[in-house]
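Please build the complete structure, drawing on both the sequences and the hints.
Protein chains in written order, with this note's numbering: chain A, 1 to 150; chain B, 1001 to 1762.
If you're looking for bench data, these hints aren't it; they were derived computationally from the structure.
Among these hints, one or two may not hold up.
Heads up, simulated BS3-like pairs for lysine-lysine below, C-alpha to C-alpha not over 27 angstroms straight-line [stated by the list, open to error]:
(1) B/1761 - B/1748
(2) B/1218 - A/144
(3) B/1721 - B/1203
(4) A/86 - B/1203
(5) A/9 - B/1761
(6) B/1203 - A/144
A quick note: this is a predicted structure, and the numbers were derived from the prediction, not measured.
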Amino acid sequence: MVTFTVNGKNHTFNGDPEMPLLWYLRDVAGMTGTKFGCGQALCGACTVHVDGTALRSCQVLLGDIGGQAVITIEGLSADGMHPVQKAWRDLNVAQCGYCQSGQIMQAAALLKDTPSPSDGDIDSAMSGNICRCGTYPRIRAAIKRASGRA
Amino acid sequence: MTAFPPLTNVSRRAVLFGVATGVLVLTTRLSPPAHAQEKKYGGDAMAGGLKDDPRVFLSIADDGTVVLLCNRAEMGQGIRTSWGMVVADELEADLARVKVVQSKGDQALYGNQNTDGSRSMRHHFEPLRRIAAAARQMLEQEAAARWSVPVVEIKSENHGVVHGASGRRLDFGALAKGAAARPVPARETLALKGQSQFRYIGKDGIPLIDNDGFVTGKAVYGIDARVDGMAYAVIARPPVYGGKVKSFDAQETLKVPGVLKVVPIDAPAIPSTFQPLGGVAVVAENTFAAIKGRSRLVIEWDDGPNASYDSVQYRKSMEAAAGKPGKVVRNNGDVDAALAGAARRIEASYYLPHLAQAPMEPPTATARVTSEGCEVWCSVQNPEAIRTDLARRFKMPLDRIVVNALLLGGGFGRKSKPDFASEAAILSHAMGGRPVKLTFTREDDLQHSFFHTASVERVEAGLDAAGKPVAWLHRTVAPTILALFAPDPKHEAPFELAMGAVDMPFAIANVRVENPEAAAHTRVGWFRSVSNIPHAFAVQSFVAELAAALGRDPKDYLLELIGPDRLIDATSMSDAWLYGEDPKRYPFDTGRLRRVTEKAAGEAGWGRKLPEGRGLGIAAHRSFVSYAAVVVEAAVNARGVLTIPRVDIAFDCGGVVNPDRVRSQLEGAVVQGISLAMLGEISFKNGRVEQKNFDGYELTRIDASPAEIRTHLVDTTAFDKPLGGVGEPGVPPVAPALANAIFAACGKRIRSLPIRDQLRKA
Ligand code: FES
Ligand code: FES
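This is how it looks when you write it as structure tokens:
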């Protein structure tokens, strides 16, 4: 049995310790804001914060997260007004929106570590997150806006 | 997250509320089209046609909240926001008080819902305005009756009706019930607003109505559907198209905790239309258990007739076909004589591989099938295709098939096919009516797509002594989408040929387009902008090659080929399709192509001095009855590493309803065009797709995305012209503009996509 928190709430799990956090969140806990895109750490759609670090939840196994604190897009802010979420709204970043939970979680982690990222910082921090719709120009602009750079 | 309500009363066709309460739903048009006997075009020619009954699409609650039913799929084009803008404008409603709700699938009730072909605004702008104008007039008539004043003294503004003389005002909410009981005005009596009075149409920066859901994770996509008691499934499908299961052993699978059942599914007959491919399904208590269970299956496949499909060999056979004459699909003048008499002949061949749409949300559907009926929750471009498939499959009347259309995490053509919903339904049926969510993993998506065609395009021109083309011979060789439906067709369909091959507008006296044979060995389907991609790549690369051979400026030479402004009738180019539109309303307007070309060049600073290793390339293309031109700035360093400092795209789709979403579609088109040019390839070996996931099938990431993408909308207020498409036409000119820019930057001509490491120096 493993115990951890998701967005501040306690969760316990008894099943297959090889189950990735992604599928626990989506199928077991019913929290579908975290998205499936590749299952192989190749797209970033499933990004969550585990103990403050942005990780691909498709690669985090439940057997390994005892005692850790998971934050998902649903818990990034109480009111949906984290500066990154606000900038995403202001610039209408999303097209289909499917990749954006992962993009936002990745961007929030970037800004926590690097409050004023350079263009190069942004590209390298965000390069693990694919957007098939091609919202990259607005993602860059929104991160700058959230950082106060633009 | 709330579960979806259980299946109840499936025979109820639609929930009516507000204005519509107690009013019978009309499923017929308001008035018959003026000339019902004439050939139909546009939305009227689509299955189910266009509907414009306000009582079907609009309701107004007592508190004034306007609810608009959107019958088109939202897949990133922002259609729900743009529809809300049109209706709020024409209704004189406050957009903040308009809610957009997704309609279920019901073509008889809502008209055509097949969201592809860049049609959702192009076809629905006018019906939407009629819907809103009719509702506005009903509200005004109700107010006039209540106040006993002539309706001409009344007008609507700011979500209410006012009588200027007496200063009286009633909110729409107060009038809704009475207005709903009034007859719907006939179409001829509708007074649409003048363009100068638009308040939302054409306004920039309107927030997306789905923004909240997008940024908080609350938006519900097809893959997010949750139905009480559902099980989860994945399927091992035949790795070769046309193959089937010879035998399988599920012993180890059934030992995996959470696995519930293993279900073999029959392979379809070939051609398979949109049918599932068959295989062995694993149903489990969660997706992970299903995936793990599937990995333990031991399956022996019978690979069938496409077992030797090999992209390298196939390319050679297409190149051989392109070297010989083929079926003539357009012929003007005498190309052979003109070529024979030409001062100079130049030719080039281009190759473009298969692609997969790879929407970020892979195909996924949840279904519940009982003796009562079928209910499906999924992201789908064409819900009616699911309904007709399930009605036939389970021998149920259409009204027992309910399709709940959820948000699409991208579509790009993949989700206009119902195969994944059929699979979910087959599995729910096999589970005795337990709801089943069927998920494609990314590996499944890339192996079992309906792939963009592969092609060889050979173009030859004869030039006179002054370098002006006197003959144009284009041979296009590509397996056709028709192979989904007919046994072994060898020629492109009229709609494929009319995507940039036959509808080549250049002012050249002798033109012949030929289509040599090519057989399909996999499922070929629609990919955003479809055959325009190979055709535009060939034509627009070739123009730059001619310019280079002549030492001419490529932009000037392109403009010279476009020639004097003129309106070309589609039929004169043997274009029998024209995106389903009326040739009279949509002539090929070369002046518009010229203007976007000049605009892109001007904005990009064409001719500006660039440092060593940098170059500009240009391309222009009409598709989906819109005009687009792109200038790419490419930088190729000494090691042959390509970067893209900037892209300028100029676009003319006629009147622009939602500038922000048109720009975002163009930004996305540029990135997708760059992605397919630089990286995109699905290849086959032994009949199997070689790419497994995003490591093999690479997509452009943010760090390789152009540093700057600048969008330039041309003639945005031209609402006097019929609207053009938006979602697709930005894509085709991107790849050739990039190839032309690379040539300008480093002298290397790209004739084969993807570019990948063709520029690399050791
Ligand atoms: S689903 Fe985890 S990185 Fe793609
Ligand atoms: S917005 Fe569609 S994948 Fe990013």
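Here's how the hints hold up against the structure:
As the CA atoms of residue 1761 of chain B and residue 1748 of chain B are separated by approximately 12 angstroms, the hinted pair is consistent with the 27 angstroms bound. A hinted pair counts as satisfied when its Cα atoms are at most 27 angstroms apart, and residue 1218 of chain B with residue 144 of chain A qualifies at roughly 25 angstroms. Among the hinted pairs, residue 1721 of chain B with residue 1203 of chain B is consistent with the structure: their alpha-carbon atoms are about 18 angstroms apart, no more than 27 angstroms. A C-alpha spacing of about 21 angstroms is found between residue 86 of chain A and residue 1203 of chain B, which places the hinted pair at or below 27 angstroms, so the restraint holds.
Straight-line distance between C-alpha atoms of residue 9 of chain A and residue 1761 of chain B comes to about 54 angstroms, which puts the hinted pair past the 27 angstroms bound. Annotation: proposed proximity of residue 1203 of chain B to residue 144 of chain A holds, straight-line Cα distance about 25 angstroms (limit 27 angstroms).
In summary, the one numbered hint that this structure violates is 5.
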